[in-house]
Structures are given as structure tokens and as C-alpha cells.
Amino acid sequence: MALILEQVPWIVMPIIFPLIGSMLCFLFPAKAKSLSLLTSLVVLTCVTGLGWQLKALGSLRYPIGGWGAPLGIDLYADGLSLLMLLMAALVGLGISIYSSSYFSRDKANHFWPLWLLLCGALNALFLSADIFNLYVTLELLGLTAVALVALAGSANALISAMRYLLVSLLGSLFYLLGVALIYHSVGSLDIAILAQRVEPSPAVWTAVGLISTGLLLKTALFPMHFWLPPAHASAPAPVSALMSALVVKASFYILLRMWLEFFQTQGGSFANLLGLLGAAAVLWGGIQALRQTRLKLLIAYSTVSQLGYLFLAFPLGTSLAWKGALYMLFSHAMAKAAMFMAAGNIQFLGGHDRIAELGPITQRLPLTLTAFALAGISIMGLPPSGGFIGKWLLLQASIESGQWWWGIILLLGGFLAAGYVFKVIGHVFTHDEPTSQAGKLPATMEWSALGLALIAVLLGIFTYWPLAMLEMGSPIGTGYSG
Amino acid sequence: MNWNTALPLLILASSFLPGLIIFCLPEDRVVTRTMLNLAGALFKIVLVGGMFWGMLHGYHFEARLALLPGLDLVLRSGPLAMLFVTLSSGLWLVTTVYAIGYLEESPHRSRFFGFFSLCVTATTGVALAGNLITFLLFYELLTLCTYPLIVHRGTDIARQAGRNYLIYTIMGGALLLLSSVWLYTLAGTLEFTDRGFLSGLDASLHPTLMIIFGLLIAGLGVKAALIPLHGWLPQAMVAPAPVSALLHAVAVVKAGAFGIIRVVYEVYGIEFANSLGLTLPLATLAAATIIYGSLRALFQDELKRRLAFSTVSQVSYIVLGIALASPIATLGGLIHLVHQGVQKITLFMCAGNLAETLGIHKISEMNGVGRRMPWTMAAFTIGAFGMIGAPPLAGFFSKWYLGLGALDAGQGWVIYVLAVSSVLNAAYFLPILYTAWFKTPPDNWPAERSFGNKETAWTLLLPPVVTALLTLALGLLASAPFNLLEWTRLIVSRGFA
Chain A
1 MALILEQVPW IVMPIIFPLI GSMLCFLFPA KAKSLSLLTS LVVLTCVTGL
51 GWQLKALGSL RYPIGGWGAP LGIDLYADGL SLLMLLMAAL VGLGISIYSS
101 SYFSRDKANH FWPLWLLLCG ALNALFLSAD IFNLYVTLEL LGLTAVALVA
151 LAGSANALIS AMRYLLVSLL GSLFYLLGVA LIYHSVGSLD IAILAQRVEP
201 SPAVWTAVGL ISTGLLLKTA LFPMHFWLPP AHASAPAPVS ALMSALVVKA
251 SFYILLRMWL EFFQTQGGSF ANLLGLLGAA AVLWGGIQAL RQTRLKLLIA
301 YSTVSQLGYL FLAFPLGTSL AWKGALYMLF SHAMAKAAMF MAAGNIQFLG
351 GHDRIAELGP ITQRLPLTLT AFALAGISIM GLPPSGGFIG KWLLLQASIE
401 SGQWWWGIIL LLGGFLAAGY VFKVIGHVFT HDEPTSQAGK LPATMEWSAL
451 GLALIAVLLG IFTYWPLAML EMGSPIGTGY SG
Chain B
1 MNWNTALPLL ILASSFLPGL IIFCLPEDRV VTRTMLNLAG ALFKIVLVGG
51 MFWGMLHGYH FEARLALLPG LDLVLRSGPL AMLFVTLSSG LWLVTTVYAI
101 GYLEESPHRS RFFGFFSLCV TATTGVALAG NLITFLLFYE LLTLCTYPLI
151 VHRGTDIARQ AGRNYLIYTI MGGALLLLSS VWLYTLAGTL EFTDRGFLSG
201 LDASLHPTLM IIFGLLIAGL GVKAALIPLH GWLPQAMVAP APVSALLHAV
251 AVVKAGAFGI IRVVYEVYGI EFANSLGLTL PLATLAAATI IYGSLRALFQ
301 DELKRRLAFS TVSQVSYIVL GIALASPIAT LGGLIHLVHQ GVQKITLFMC
351 AGNLAETLGI HKISEMNGVG RRMPWTMAAF TIGAFGMIGA PPLAGFFSKW
401 YLGLGALDAG QGWVIYVLAV SSVLNAAYFL PILYTAWFKT PPDNWPAERS
451 FGNKETAWTL LLPPVVTALL TLALGLLASA PFNLLEWTRL IVSRGFA
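Those protein sequence lines, which keep their order, are chains A and B. Residue 482 is where the first sequence ends in the numbering used here, and the numbering goes up by one at each step. Residue 497 is where the second sequence ends in the numbering used here, and the numbering goes up by one at each step.
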């Protein structure tokens, strides 16, 4: 039995199943709901299977159709890809469960095929071994994401979706230009080959600049975050959740992958610039979140702030710092998805998301608010939560490398986060009469939010597996403090 | 999993699980909720007793979970841990009975008792924490679960107080986090050890260690209400009386003071801290807080506010005791950890009784209240005399050992601080007693509720009477077998070479 399981090419499955699922959902809209749930479960199983393989092998390269690079297409997986895949699979399952009750009939017909397509694109992106395939998956991801944002159908949503489309295309264009330049000067697209061949030269420099600009635009790093809050806030709740939790992480993943493989050698001042922008994002995003009067905008600005943390690892550069940033990324995905789902629940029942008038609705939704509060613990970086572990590791890395100022940013970001999280939580503890609005929330919508929030909290206690994952194939260097 | 690992976890679970279940209970399941609360509290006491028994028979209890490479979450028994865990679990039972009576008929009781249980879980974790990161985890958890209790009434004042509490404590938590990480990068461990783990570090790191000490004390001083970080405490008195009891006696300020004890004795080691010249500034700060708190208490007309400033002052006795770097003074500080808890909880519960039964919130409304509520006021009187330090009550022994310790440490000025503080204690407590016992009662109380021929509900009356008797017992039986003094002597002997 074990032998058969070892032979299974798990690495292909997280890409194939969502694509098949997407087509089936399109063909049989009546069965879309159960098909998607099934697909999400299958993807989670496949990712687990892949993790089981990687535990023994460390890293895995799989030539599709047996052709192999540089002619064919290679898939590559190590601990870093596994972490991202697992994040996508867990959040994906949560979103599938949540959405099964969220959408009305006609919206659902559009949602399910698009969502599974996005899911497949995302998994393919995390497994791509060459920079052109990364482009293809990135473009596919961007287009499905735009379509999903537009799904809300309101004028606001359409405007944000259009802006998002333009930003997304612009970002991909920058990226593609960079890829073309690299291909021209190095003659390969495979990341592993590039890592050996890239020599500092003006062309490579330009390429690095173009690729980074494109990816940073898509990751919404300050000051290129302008498109994110409206797009994330005007989308339907499950879409907001997947945008903030997963989609922005995809471009960050590409940047990180390239950075670790061959950007790193290209200069240290660039790292400091990224750190600086990250710090600005942490503070600016936090301040803006504090100023918002609408819940979904508040959460969206919180994403801007939290994404900033991830960039603090660039100037630190140690294995410890990467671990901290990736831990943060993982727990942020869980917590932020839970938060957007909670906001969706509030809007679903109360019909609005004005923070000042939350009191009456929250009285009816104890589970939802629990989910929001638990997710908030991780967002604030208080123990026990994944956010705390990430913060601890980053703080330790910043003190060890003598760059304590990044640590101060971490602490300040925590204050701001506490400010905006409690701005919302404070409305639970009023004596407002529960709203008399009719309607009941489906249990799945409350429990899926709570489930993800709980994962974010438990990540603060059960740290062994996530950390061990990052050692597989040593994508970020071995050793604890490397 | 054997008993040595299971017991610390069970002690946590005995309040954590009832808390979780209580959250899910509908509002009207009063009996189930009450049973769960009491069962949890009693079970915890039994378990703590079991741990005590085990320790006396040479067993060692420890539960460990790897958190980060080189850093574990550790819950461990030890004399110091037992001191605090016994205090908090004992007083929790009393507070639970009181809270059940106090919150009868009020809304959101499931939420309240849920967080109440989590609060005690966090306190137990603080007590049993075997290293700084575990301590930090539970310390922050305590912040998170006391906030809902402080804002429980949902009024604007309560929410304002809650906001302030958060601003102070989250800042304190951040400082604690920063200093813990910093210490870890220097020492490579955070494990609490007798006489500390830092004295072996290179001398060139000493200035850094001094800065970290300052950060740690600032982080812990927020909860321990050292000046100038005490601002949240008097505001938080808007919370319901059982919560005040929890804040002032069982959990929050105690967690701060307890943390300072851990840092001075088991992170730095008292002798090392002394050689770095860190203890005298800490003692001075504590002395200043003692005087300042008492002075402010003098001018409050609101009873709970006066008691709150009194806490600011009294908690610093603990800090003063441990900062004097003398075994006897440490003894005084440690027993005051217990004495202050027992006495202050009595006072707050009595204040709560006056508010609940007669609607009295101010001292100027207390004319002759002793005749209407003799039991309550008798308990209050004992607590107040304990605070003043009148023999043979518990508080006398705190001050006695603090004074002896000050002489032992060659810090004669502390005697003056103690004397001035006692005079001030008397000056703000005796007028209350005079008003309550000797003035003529008014014709009508502000908002009287009738309890038949009893002065108030028994659930409200019994807890303060019990803790008042405890105050007496701790003083009268100071030399009985298995007493507090023996136990603290044991702790002290481990802290000094």
C-alpha cells in the first residue's frame, strides 16, 4: 500500500483536480456546490500526500510528460511550495464551505467555475519551476480574480474590478518584459538553471527591476497598494477572503522564490529599499485601517499593513527571518480569511458594515464575533497565535543581526493592529438590543470562519510541522539562525 | 503521559474547559452554569492540593511542549509557583461564589463567567510558567480575557476604562516581548532558574542587561501598577465588584508583581541584580509608589476608587520587599503577596455589598451603615485594620518583616516609608470606619434592596466573611505547622546563596 502511495505523482494532482472540477461545475451547475466541496477536500488530501512524499525526499522535480527542462515543463516542489499549497488548500476548503451558503443561485453559477479555476492556477503557480510558466499562471490567476471581484455587480465593484484589471495587467506586463530580458541574456527560463548562470549585468539588473516592480504592484506593497482596499472591500465576502488571504501571496511567493534563487546576489541596497517600503506599509496601512468607518475597508487596509511585515525579512535575510515572515504569511492567510468571512456574516445579516452601528448585529452573532476576535489575536501578534510566533522569529532575527529598527516597526504595527481590532471588538460589549431583523445565518458560514480563526490561534502552540516544512529541501537555508 | 505531566495541564483544564462550556450555555441555564463554576473551582483546589502533597513527597511536576527550536512551553511546579497558584485558586472559589450572587438577574452571564474562567486559567498559567515565554503567553492571555470583564457593563465609562486598560497593558506586553526576545538572543535560554541564568554572561553585556531589566520592569510594572504606569487601575474600578476583586487581588496586579519576583529572582538572580545596581532604583520606585498611592487614596470620596489607589500603594510593598535584596525583606514581600490578596478581596467584596444592597458608592453616603449591615462592615473593618498593619492581623506581619528586612539590608530609610505609609493607611481607612460605625444612619439609603431579615444575600455575605476570617487566621496562626511563613522561607532559601 505504502509503495503504491509513493508512486502516485501527488505533485500534479493539486493542479489537475481543480481544473477538472472547474469544467464540471461549468457543465453541471446544479451539482456545482458538492463538486467544489469535493474538489477542495481532494486538493487538501493531495497536498497532504505531497507533503508525505517531500518529508522523505526533501524536494521533488517532476517533468510533465517526461520531457524535462529546458524543452518540456517541469514542476518543482519543496517545503516552501508545500507551505503555500497547504495554506491555499486550507483556506480553499474554508471558502468552499462558506460559499456553499453565501451565494444566491445565479451568482453561484458564475462563482464556482471561476473559483476552482483560480484554485488550480494558484496551485500551478506554487509548483512552477520556470519563470515563464509563472507568468502564465500569474496571468490566469489575475484574470480569474478580476472576474470574481466583478461578481458583486454593484457600480462600485465594477469600477474597482476595472482598476484591478488594469493594475494586474500592468504588473504582468512588467513581469513579462523582465522575463524576456532574462531569457535574452541568459538563455534559459528554468529557475534552477538561472540560479547557476545569472551574472550581474545591466540587462539582468533591468530585468530584476522590472520583475520586482510588476510583482510588488500585484502584492500591493506600499505605495502601490492603492488598488487593494477598494477591490478587496467591494468584492463578495468569500472573494475578499481569497483575495486577501491567497491571491496577494502568490506574487509575493514568486518574488521570494526568485530572490532566494538568484536576486539575492544582485545587491543589498535593494533589500533595504524593500524593508523600508514594508515598514511604511505596516505603519500607513495600520493608520488607515484605524481611520476607516466601514468594516471591510478596515480589514482590507489591515492586509496592506500585514503584507508590510513580510518585506521586513528582506533586509534581515537570515533563515530565521524568512521563517518568521513565512509563518506570518501562513497565519495571516487563515486569520484574514476568517475576518473577511466574519465581516461577510455581519453584512449578510445586518445589511451593512458601518462600524459605528455594529452593536445590534453583533449581539446576534456570537460565533462570528468569536471568530473575528480569535483572528484578531493573530493579526495583533499576541500569544498564543501564529502571528505571535512569526513576530517572535522576526524580532529575534532583527536583534540578532543588529538591525533592531525593524523590530520597532514590528511592535508599532502590533499597536496599530490592536487599535483597529479592538475598534471592532468594542462594539460587542455594548448593551444594544439585538437587531430585530429577520433572517438566520447558515451555520456553515459561522463555523467556517471560526475554523480558520482557530487554525490561526493553534498555529501559536503547535509549531512543529509548519517549521519542519520550511526545512524540507531547505529553500530558505538550513540551520536555525543561519 | 503520567501524573507528573498531566497534573499541571489538569490544573489549567479545570477552569479552561468549564469556561468553554459556559460560553455555549444559554443564558437561562443558571443551575448548570453555577454547578460548572463551582465544580471547576473546587476541582482546581483539589488538584492544587494534590500537587502540594506531591511536592512535599519529593515529586516534580512538569509539562513541556516544544514551541520553537530551543524554546519550550513549560508548566512546572515549584515553591514560588505553588504560592501564587494556591492563592489564586483559593480566592477564585470565593470570588466565584460572590460573582454568582452578585450577577444574579443581570444580562450576559454566560459571557461573563466564560471569560471569568479563562481569566483564572491565564492566572494559573502565569503562576506555573516555567520560563519567560510561557509566562509571556499567559500574561497576554490575561490581558485579553480581563478586557471583556472590565467592559462588561457596556456603558461609555466602562468602555473608556477598557480602552485605557488595553492601551496600558498592550504597551506593557510589547515591552515584555521585546525584552524576552532580547534576553533570549543573549542568553540562549529563558528557563526560570534559582538565582537566575544571566550572571554567567560576559561583563561587556552588563549595560545591555541593565537596559533589558528596565524594559522588563516597565512591561510588568503596568500590571503591577507601579507609578507612572498605574493610570488604568483606578479607572478600571467601574467594573462589577467581582471583577475588581479579580483585578486587585487574584489575577492582574498579582501577575505583574509575581512577574517582577520571577525576573528579579529567577531570571537575573537577586545577587546579580544587586551587583548590577538594579535593585535600589526598583526599591525607590516601589517606595515612591507606596507613598503616592496612599496620598491619592486619601482624597477619594468614591469607595472603590479609594480602594483602588490603596491597591496601587499596597502592591508595591511586594516589589519593595523583593527589591531590598535581603532574605527577610523578601519574606515580607512574598507573604504580602498573599496577605494583600486576602485583605483587598475582602474590602472590594464589602464595597460591592454596599453598592448592591443599599446603592452606596461614596464614603459620604456611608453614615451608620454598620448598623444596617453589621457583618459586612465587620469584615470590612478586619480587612482595613489588616491593611493598616495592626497586630495580630495578617498585614502586620508583612510590614514587620519588611521593616526587619530593610534594617538587615542597611536601608534604614525604608522604615520611614513604612511608617508614613501606615499613617496614611490609617488616615484613609479610619474615617471610613468611623463614618460607618458611629455616625447616625440616614432615613433612606440611596437604593435599598430588601433581603428579608438578612442584611443581604448569603452568597454576597459569606465570601467576605470567610476572607476576613482568613485575614485573622493568617495573623493568629502565623506559627502553626504548614504555615505560610515556612513556605516562603523555603522559597527565599532557594533565592539566596
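Please keep in mind that the hints were generated in silico from the structure rather than gathered at the bench. Note that beta-carbon positions come from the ideal geometry of N, C-alpha and C, so glycine has one too. Misleading hints may appear alongside valid ones.
[Stated by the list, open to error] Here are some chain A residues the structure puts well away from chain B; computed CB gaps all over 10 angstroms:
{"id": "1", "residue": "Gly65"}
{"id": "2", "residue": "Leu114"}
{"id": "3", "residue": "Glu139"}
{"id": "4", "residue": "Val167"}
{"id": "5", "residue": "Glu199"}
{"id": "6", "residue": "Gly268"}
{"id": "7", "residue": "Ile377"}
{"id": "8", "residue": "Pro384"}
{"id": "9", "residue": "Gln396"}
{"id": "10", "residue": "His431"}
{"id": "11", "residue": "Thr463"}
[Said to hold, decoys possible] Heads up, incomplete: computed chain A residues facing chain B, CB under 7 angstroms, no partners named:
{"id": "12", "residue": "Trp67"}
{"id": "13", "residue": "Leu71"}
{"id": "14", "residue": "Ile73"}
{"id": "15", "residue": "Leu382"}
{"id": "16", "residue": "Pro383"}
{"id": "17", "residue": "Leu395"}
{"id": "18", "residue": "Glu400"}
{"id": "19", "residue": "Ser401"}
{"id": "20", "residue": "Phe429"}
{"id": "21", "residue": "Pro434"}
Consistency of the hints with the structure:
no. : hint   : in the structure
1   : Gly65  : holds, 41 angstroms
2   : Leu114 : holds, 37 angstroms
3   : Glu139 : holds, 39 angstroms
4   : Val167 : holds, 35 angstroms
5   : Glu199 : holds, 36 angstroms
6   : Gly268 : holds, 22 angstroms
7   : Ile377 : violated, 7 angstroms
8   : Pro384 : violated, 6 angstroms
9   : Gln396 : violated, 5 angstroms
10  : His431 : violated, 4 angstroms
11  : Thr463 : violated, 6 angstroms
12  : Trp67  : violated, 41 angstroms
13  : Leu71  : violated, 42 angstroms
14  : Ile73  : violated, 37 angstroms
15  : Leu382 : holds, 5 angstroms
16  : Pro383 : holds, 4 angstroms
17  : Leu395 : holds, 5 angstroms
18  : Glu400 : holds, 5 angstroms
19  : Ser401 : violated, 10 angstroms
20  : Phe429 : holds, 4 angstroms
21  : Pro434 : violated, 11 angstroms
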